[in-house]
Structure formats: C-alpha cells, structure tokens
Amino acid sequence: MVAFYGTDLCSRLMLGTSQYPSPKALEAAFVRSGAGVATVSLRREAAGDGTGQGFWQLIRDLGVPVLPNTAGCHSVKEAVTTAHMAREMFGTDWIKLEVVGHADTLQPDPFGLVEAAGILCADGFKVFPYTTEDGILAGRLLEAGCEVLMPWGAPIGTGLGLNNIYGLRTLRAQFPDVPMVIDAGLGVPSQAAQAMEMGFDAVLLNTAVAKAGDPAKMAEAFARALEAGRLAYEADPMEPRDMAHPSTPVLGLAVLS
Amino acid sequence: MKLTVNGTAQQIVACDLAAALVELGYGPDARVATAINETFVPAGQRARHALSDGDRLEILAPRQGG
Numbered sequence: 318m319v320a321f322y323g324t325d326l327c328s329r330l331m332l333g334t335s336q337y338p339s340p341k342a343l344e345a346a347f348v349r350s351g352a353g354v355a356t357v358s359l360r361r362e363a364a365g366d367g368t369g370q371g372f373w374q375l376i377r378d379l380g381v382p383v384l385p386n387t388a389g390c391h392s393v394k395e396a397v398t399t400a401h402m403a404r405e406m407f408g409t410d411w412i413k414l415e416v417v418g419h420a421d422t423l424q425p426d427p428f429g430l431v432e433a434a435g436i437l438c439a440d441g442f443k444v445f446p447y448t449t450e451d452g453i454l455a456g457r458l459l460e461a462g463c464e465v466l467m468p469w470g471a472p473i474g475t476g477l478g479l480n481n482i483y484g485l486r487t488l489r490a491q492f493p494d495v496p497m498v499i500d501a502g503l504g505v506p507s508q509a510a511q512a513m514e515m516g517f518d519a520v521l522l523n524t525a526v527a528k529a530g531d532p533a534k535m536a537e538a539f540a541r542a543l544e545a546g547r548l549a550y551e552a553d554p555m556e557p558r559d560m561a562h563p564s565t566p567v568l569g570l571a572v573l574s
Numbered sequence: 015m016k017l018t019v020n021g022t023a024q025q026i027v028a029c030d031l032a033a034a035l036v037e038l039g040y041g042p043d044a045r046v047a048t049a050i051n052e053t054f055v056p057a058g059q060r061a062r063h064a065l066s067d068g069d070r071l072e073i074l075a076p077r078q079g080g
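Protein chains in written order, with the working numbering: chain A, 318 to 574; chain B, 15 to 80.
Everything labelled a hint here was simulated from the structure, so no lab data went into it. Glycine is no exception: its CB is placed at the ideal position from the N, C-alpha and C atoms. Careful, some of the hints might be misleading.
Derived Cβ-Cβ restraints for the label pairs, each shown as a range [what the hints assert, rightly or not]:
(1) A:Asp410 - B:Gly39: 29 to 35 Å
(2) B:Ala23 - A:Glu464: 25 to 31 Å
(3) A:Gly389 - B:Asp43: 42 to 48 Å
(4) B:Val36 - A:Lys534: 45 to 51 Å
(5) A:Gly530 - B:Asp43: 34 to 40 Å
(6) A:Gly441 - B:Asp43: 43 to 49 Å
(7) A:Ile453 - B:Asp43: 45 to 51 Å
(8) A:His391 - B:Asp67: 48 to 54 Å
(9) B:Pro42 - A:Ile482: 31 to 37 Å
(10) B:Ala64 - A:Gly441: 24 to 30 Å
So these bits of chain B aren't anywhere near chain A, every CB distance computed over 12 Å [stated by the list, open to error]:
(11) Met15
(12) Lys16
(13) Asn20
(14) Leu38
(15) Ala44
(16) Ala47
(17) Ala49
(18) Arg62
(19) Asp69
(20) Glu72
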C-alpha cells in the first residue's frame, strides 16, 4: 500500500487518460492494470458539447481518485487559476502542478514552479509538483509546502526512461522520507521496475500505455513491473561489484586435471 | 455587451456571469468551471459577478490529461 497526503492508493501506478485510441481502450487499460490514480485536465468546452460530462462520467465509473493537472500552463498565474478551476470541477484539492518553462522540451520552470507551489499550498491544495531531479529545487518545493515530489524520468512523451540515474538516485537519497513519483518519460515497463528498485514510491505515465499497440496489455505490464520492482527494493538488492565471484563453492572442488 | 468567450468574440445582453452562461447555451447543469479576465470565478459567485464590456470569459470542462 502506498499513500500520498494521507490517502491510501491501491496501486503504485498513476495512469494518464489522454491519447487512447478510444474511451473503451482507456477503460480497459485502467481495469486491466488496476491503476490507483487517473490524471485529468481542463479544456475549453463549447455550449451544448457535452464532451466534458461524458468524459467525467467515464472517469467516475473507474472508481479511482483523480489527479487534475495544470498541463500547458507557462505562467504562475495560469497554473494557479487552472488549479482553482480544477478543484471546483473535480472536487479534490490534489493538483499535479506543471509550470512549463520551454515549449519544446516541456521542462519545468523551476522559479515559476516554486512560486506557484507556495501559493497553492497556502490555499490548501495538496500539490504534486512536476519537477526535475534537481535537489536544490526539490528542497525549495518542500519549503513551499509540498509533501510529495514528482521528478521526471525524461521529458514528457519521449519514452526515454530514466535519463539521469545518478541525479535521481541522489535525489532519493537526499530526501529519503519524502514520497516521490517518477512522472513522465517512461517508455517500457523495465524502466518503471528500475524506478521502483531505486526506492521511488510510484510512477505516473500516459503515452507509453496509450500509444502501445495494445494499451490494456501494456498497462498490465507496467503494473506487474511496478510490483516486481517494489518487491525487489524491499528485498534489499545486493551491491554490484566489478570482479567476478563464484556462486558455487570452491571448497570441495575435485581435482581432476 | 461584447465578450471574448473561449477566445471568440460574442455579443450578449446578460449582465452577470450566471445569466451569460445560460444565454450562451450552457444549461443549468452544465459541468463547467469559469474564469473572467484570467481570474477564477467559483460557481457560487457567478450570479453576483457583474460583467463588463470587453471581459474575457473562459469556460472549461473535464478533459483527458496526462
């Protein structure tokens, strides 16, 4: 069991709801993986459209907590206003805070992120900041009131996996008691397992599942990888060593030459 | 008065936000969140929120997200 802001989740997999080939495929991915959280967003709605209501009904029927995001926001003002609109719309004070610093890389703007996090935490939000592996930035976010960090694996939608293993390992070691979610950049389940083996608490992904040939099967694969990786972390893996070391006893070896 | 609604110019006669939503075709049960001039306006305050000519209105609804 894993908990964020005092809420127990049934799975360490947080799954996005975008880019699926159909609503049915989205639903199947959640059912088959048992994902513990669904991420959602807000976008413009035309009168009489009804798209938003239909989507919301689908998500409610999944029966999992929702984590609204501020995706696409480039300024503190945009992110804060979007967060307030999301809190009313989705009835949750959880917010995945994204303040995009660059349109091509989608890299977080560290300065805007800290400022927005401070405003939202003071307003009673439970902020999940999408950040980098930068430990100084992480410290500032914690000082701003965040109790969870969401460092990126790699830039959003790239599928490159854990781009900076050293940086992520350092971040994990620097704040051993802070719940951390690897958010974005994963492409295949082995990368999620690796994140778990390193001691991260959960993984948030979307594109790797939604763009797979069989999203439901890939979602299950990620869920199993997360379980395996977490189990391995709890089992305390051996330390790697440079030199070979026989696993079969040398003592008692017959002399046959 | 003239408003910009979700980026498009619209002419309305309503004087407050709640009435404007109805006039624009959003039913009373429409699941939307609103902002005027980049500031959030809670649903409970829409009827008291007077509109001004040139206001920018954003009307948002749940969507897929990652």
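Results for each hint:
Distance hint check: the CB atoms of Asp410 (chain A) and Gly39 (chain B) are about 31 Å apart, consistent with the given range 29 to 35 Å. Against the hinted window of 25 to 31 Å, the Cβ-Cβ separation of Ala23 (chain B) and Glu464 (chain A) comes to about 44 Å, which falls outside the hint. Between Gly389 (chain A) and Asp43 (chain B) the C-beta distance comes to about 27 Å, which lies outside the given range of 42 to 48 Å. Take Val36 (chain B) and Lys534 (chain A): their Cβ atoms lie about 46 Å apart, and the range 45 to 51 Å holds.
Checking the proposed 34 to 40 Å range against Gly530 (chain A) and Asp43 (chain B) shows it holds: the Cβ atoms sit about 39 Å from each other. Separation of Gly441 (chain A) from Asp43 (chain B) is about 27 Å and departs from the stated range, judged on CB atoms against 43 to 49 Å. As the Cβ distance of Ile453 (chain A) to Asp43 (chain B) is approximately 48 Å, the hint placing it in 45 to 51 Å holds. At roughly 28 Å, the beta carbons of His391 (chain A) and Asp67 (chain B) sit outside the given window of 48 to 54 Å.
Under the hint 31 to 37 Å, the C-beta atoms of Pro42 (chain B) and Ile482 (chain A), about 54 Å apart, miss the expected range. About 27 Å separates the C-beta atoms of Ala64 (chain B) and Gly441 (chain A), a value consistent with the hinted range of 24 to 30 Å. Against the 12 Å criterion, Met15 (chain B) stays outside the reach of chain A, whose nearest CB is about 18 Å from its own CB. Taking the minimum C-beta to C-beta distance to chain A, about 17 Å, the non-interface status of Lys16 (chain B) holds against the 12 Å cut.
At roughly 4 Å, the least C-beta separation between Asn20 (chain B) and chain A is not larger than 12 Å, which violates its mark as non-interface. With a least CB separation of 5 Å from chain A, Leu38 (chain B) falls inside the 12 Å interface cut-off, contrary to its annotation. Not every Cβ of chain A is farther than 12 Å from the Cβ of Ala44 (chain B); the closest lies at roughly 8 Å, contradicting the non-interface assignment. For Ala47 (chain B), the non-interface assignment is contradicted: its Cβ lies about 4 Å from the closest Cβ of chain A, within the 12 Å cut-off.
Listed as outside the interface, Ala49 (chain B) is inconsistent with that label: its C-beta sits roughly 6 Å from the nearest C-beta of chain A, within the 12 Å cut-off. For Arg62 (chain B), the requirement that its beta carbon stay farther than 12 Å from each beta carbon of chain A is met, with the minimum near 16 Å. Distance to chain A confirms Asp69 (chain B) as a non-interface residue, since its nearest Cβ pair spans about 15 Å, more than 12 Å. A beta-carbon of chain A comes within 12 Å of the beta-carbon of Glu72 (chain B); the shortest separation is about 7 Å.
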